[in-house]
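Novice: Single-letter residue listing:
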Amino acid sequence: MRVSWSWLREFVPVEAAPEDVADRLSMRAVKLERVEQLGAGISGVIVGAVVDVRPHPQADNVVLVNVDTGTDVREIVCGAHNYGPGDRVPVAMPGATLPGGMEISERAVRGITSHGMMCSARELHLSEDHSGILILPPDAPLGADVRTVLGLDDVVIEFDVTSNRPDLLSVAGIAREVAAMEGLPFRIPSPSVPEKGAAVSERAGVTVKDAKGCPRYLARVITGLRNGSSPGWMQRRLVAAGMRPISAIVDITNYVLLERGHPLHAFDLAKLDGPAIVVRRAKKGERITTLDDVERVLESDDVMICDAKRAVAVAGIMGGGDTEVSTETTDILLESAYFDPQRIAATARRLGLRTEASVRFERGADVEAVPGAADRVCELLLEICGGTVATGVLDVMARRPKPKPVRLDIARASTLIGVSIPAADMASMLGSIGMDVTSSSRTSLRVIPPSFRPDVAIEEDLVEEIARLYAYDRIPETLPTGGRTGGLTRDQRLRRLVRRVLLGTGLSEAQTLSLTSPSLPDRLGLPAEHAWRGKLTLQTPLSEEESVLRPALLPGLLLAAERNIARRVRSVALFEIGTVFAPGNDILPKEGLSVAWLMAGEMPGGWHGERGYDVFDATGVLHALTEGLGIGDLSVEPSQEVVFHPNRNGLVVLNGARIGQVGELHPRIARALDIPGRVAVGEVLLNPMLAAARESVVPEIPRFPAIERDIAVIVPDDAGAMRVESVVRDAAGALVESVQLFDVYRGAQAGEGQVSLAFRLTFRHGERTLTDDEATSAMGSVTSAVGERGWRVRE
Amino acid sequence: MSDIAGLIQTVEREQVAALERIALSTKVAELEEAEIAAIGRKAPMSALKRELGGLSEEDRRTLGRLLNDARLTIEAALDGRRGQLQAREEEAALQHDSADITLPPRLRAPGHPHPISIVIDRIVDVFVGMGYRVAEGPEVETDFYSFEALNMPADHPARSGFDTMYLSEGVALRPHTSPVQVRAMMEQSPPIYVVVPGRCYRRDSFDASHSPVFHQVEGLAVDRGISFADLKGTLAEFARALFGPEERVRFRPSYFPFTEPSAEIDVSCPTCHGAGCASCGWSGWLEIMGAGMVHPNELRAVGYDPQDVSGFAFGMGVERVAMVAYGIKDIRQFFENDMRFLAGFAG
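First to last, the sequence lines map onto chains R and D. For the first sequence, my numbering begins at 803 and goes up steadily by one. For the second sequence, my numbering begins at 536 and goes up steadily by one.
Note that these hints are calculated values from the structure, not bench results. Given the structure is predicted, the values throughout are model-derived calculations rather than measurements. Among the hints, a few may not be true.
To be verified - Over the 12 Å line for every Cβ pair with chain D, so calculated as not near, a few chain R residues: (1) Asp-1124; (2) Gln-1144; (3) Asp-1197; (4) Arg-1511.
What the hints assert, rightly or not - Here are the computed distance ranges between Cβ atoms for each label pair: (5) D:Asp-690 x R:Arg-1302: 28 to 34 Å; (6) R:Thr-1283 x D:Asp-698: 34 to 40 Å; (7) R:Ser-1321 x D:Asp-698: 34 to 40 Å; (8) R:Thr-1283 x D:Trp-817: 57 to 63 Å; (9) D:Thr-806 x R:Glu-1404: 33 to 39 Å; (10) R:Gln-1542 x D:Gly-862: 47 to 53 Å.
Note that CB positions come from ideal geometry on N, CA and C, so glycine has one too.
All chains, full assembly: derive it from the sequences and hints.
Specialist: Shown next as structure tokens:
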């Protein structure tokens, strides 16, 4: 809401500086967006009159305009078309500056020099309107500085009004808050309307068939109007508020909308069939062409304003083109109504049509403001357009809403705010913003909120009013006194540990989007059925790119790696801990916590010998996790999985359950993402890992010496070191303390397709010194177990 | 048989020769040769020793002592010289065993945490320190938890598919962490003090300040006698802990469906401490969160009695806080995972 200072001061005699008042108001009522000195940054822009408009010989989208500036007639090339001969327009002369620092010079547009520029409201920072050139009042003197003509000696304050406060979408509403805050009187004059001639009921009729959608409809008829341009002072205020002047009648309805916050609509009486107004539900599929020349298709929940034959307006949102007021209009039917907020909101949203009227109706207009707003329009019409107001009003109201009193418990209000405020102060604060404090006792107040405050319905709403008027700033800072114990749960602690462990391995932490593209698996060349094809698709996605809930974290890390490599980052080492989604049995999907890691590109410090990553970096991270969490019984089993290098990957198995996959990315997929070299990746479900994590225990340090024996076993290449180790361990019996692989040899002595794995076995007895014989006997068992598998012991 | 004087002379001559040879040795290997020549089995002195038996009692004693003294002298000289030569040789060997200490190290460096995680942990830790538990919940929620229980009736604008990403009828990615408040309250009776970190989703296109995926931390305290002043004190404490002891908060009136009274909270700009600078748009303040007293409809929705207990709730965007804390200008940087961006973060 943009409010000009001079307008505000019509309702409240505030003398303080506008910036100070705006700042204070931001702390008491409504958020301040900005304070603008109008015309700041404008120089060299003067009033010109359009002489003629001709096509540009080289371009269809621009025209040549001769403009009379009072001292010369100059040719200007212009891209807008909303003006004609005689219209007064702002002309930025060569050398002029516009807000934002833009400087205007003579320049050629498609071969023809433009001797200046005609400006839109946006170019002068008057509003966001850039749909055409700003048309100035016809009495604007040629050659005059537009700053004077546009009343740019004013200050405009822009507020960000929250959706619960429709009353603040008006100059008067803001003024009421200023008055309450500054302890000043708030005055809004009651309009006086001299009525003449025939009764309004003889000129038109109103029937409301949809009283739910339209609880109140008031019409007045005004005849004999002259609809020219509105006066400069009115145009200036409209422009400052961000609206475009159109014609006197329309401008007056808009002016009253801004002044009082109540939207109004003027129909050309001559174009209304009947003339009668019928308010009803729309028929499904019914069509109307609105003022903006767009054909709208309606639904049965939409409230329609019709005449005797057809729809003439989408209620509370926009009028129809057929009955639009024009410069020829002399007689109008003025609508001042109250529509159901939810119905208007639904229609406006569905039509994608947000207007000054719809915004106010959907937040809740003031049903009691209906007659006053109409009268204020009549008063201004008589003053500006002449004419006669027919006697009486057509006021159809199903049932006047009864104001509901709200009881305020004084002690409770003080307790909730946290500071003791006397009842009398509460009453006077509430009174200052239009609340009717009808009775009070020592313990409570009975408060009737004004009709323009639909947001105030319960005691807590009053508590908020008191707290903000008392000033949030003045409320003390205390802490809750109740005793309590905070802390992290075991899982929360362990998750932090997992992060620290992974950071310790040199991986940096990533946060990738949980929404992925359904086409990513295709890009990676994955089969039709694959775990990385997410099965949960959004009904209302923002874009196809972000429409599927991620079933795994690795695809996101792959994209991050791709982006890094494309940006010439040479080394990528990332992990992510995050939620993954799968269809569930319940209405909600199944959510799991996953951890994934990826290493690609050059290894930092690679000059030491290892220049790139491989599968053992991937398993190394897994090892760090199991060591960090103290998980003993996790194993990696060779497997086939299409996204991995077929011979360099494994399933991660914990307590018999498959919880993830680790290895090297399939080179084909790495190629698809332009990631060079081997890409080490892994992903495991975190919750089973956390569940398997063990608590700290104090280990027993052995007191008796150990015996170490080495054995090298020659096995086929695909036997799997972990399996061989477990065979060795099992055969070695109860005395074996540890089995450690210390050498892997492939070559002539092992034989083709064979590998020699050398293990160091440590034997120890907890209670006594072990004998050589015992170790030898255990090693004998190992040798026979190896033999039983068809493996050989390397001599 | 030579006379004793001759033998004595021989010993003395051998000793002089041996000491000279030891002193002139330049390598440990030469020294070892000198040792063999002087006191080895075939050395003249060793031969003499074997001849002692043929001497008179007196001569044997004299010559024996002489031989023994000579041997001790030679051994001492050998040890001394050996020590010198070994030290010299090791020194020479180390000269050849050099490393350029300024070469890049074999990597043992940790990676870098994500700024969002750092900020979440820091915020959570402040509240854990004030006695809050950490509550978490699903990222996909039903309308009941996301809206209805939060006093956002079916016609509330945020509930349309325009702002919320729906998966099916009544099931959507949570647009805020507030459903977890509801779950927490339904699971336990007051007093309740929880802080809720988590991922949220809104139908906002990516730009410098919007992301469809973002993070929130919100807090909830429900107890007997909780007041707006308690909310102010709690958030003032929080701002000091997170942004620094000089920083202050200020409360402005605002509106949220799930709180009444409601407030927006600004923190004094950590760059200029409120004086006004480029990073706060010369206002001295940065908006960081929304808060208020829990709406009685929400308390009733979870079965609490608003006449018996009251509470406050607050919620902040983690990305927003991180942008303020680190001076990050574009929210998209959080989700690009550029290694060079991440390298900036520690802690």
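Novice: Now, for every hint given, state plainly whether the structure supports it.
Specialist: Hints, verified against the model:
The claim that Asp-1124 (chain R) is not at the interface with chain D holds, since no C-beta of that chain comes within 12 Å of its own (minimum 31 Å). Its closest Cβ contact with chain D, about 5 Å, brings Gln-1144 (chain R) to no more than 12 Å, contrary to its assignment away from the interface. Every C-beta of chain D lies more than 12 Å from that of Asp-1197 (chain R), the closest at about 28 Å, which supports listing it as non-interface. Taking the minimum C-beta to C-beta distance to chain D, about 32 Å, the non-interface status of Arg-1511 (chain R) holds against the 12 Å cut.
A C-beta distance of roughly 47 Å is found between Asp-690 (chain D) and Arg-1302 (chain R), which places it outside the suggested range of 28 to 34 Å. Distance hint check for Thr-1283 (chain R) and Asp-698 (chain D): the Cβ-Cβ separation is about 38 Å, which falls inside the suggested range of 34 to 40 Å. Evaluation of the 34 to 40 Å hint for Ser-1321 (chain R) and Asp-698 (chain D) yields a failure: the beta carbon distance comes to about 26 Å. For Thr-1283 (chain R) and Trp-817 (chain D), the Cβ-Cβ distance of about 39 Å falls outside the hinted range of 57 to 63 Å, so the restraint is violated.
The hinted window of 33 to 39 Å between Thr-806 (chain D) and Glu-1404 (chain R) holds, with their beta carbons roughly 37 Å apart. Checked against the given bound of 47 to 53 Å, the beta carbons of Gln-1542 (chain R) and Gly-862 (chain D), roughly 50 Å apart, stay inside it.
The structure fails hints 2, 5, 7 and 8 (numbered hints given earlier, in ascending order).
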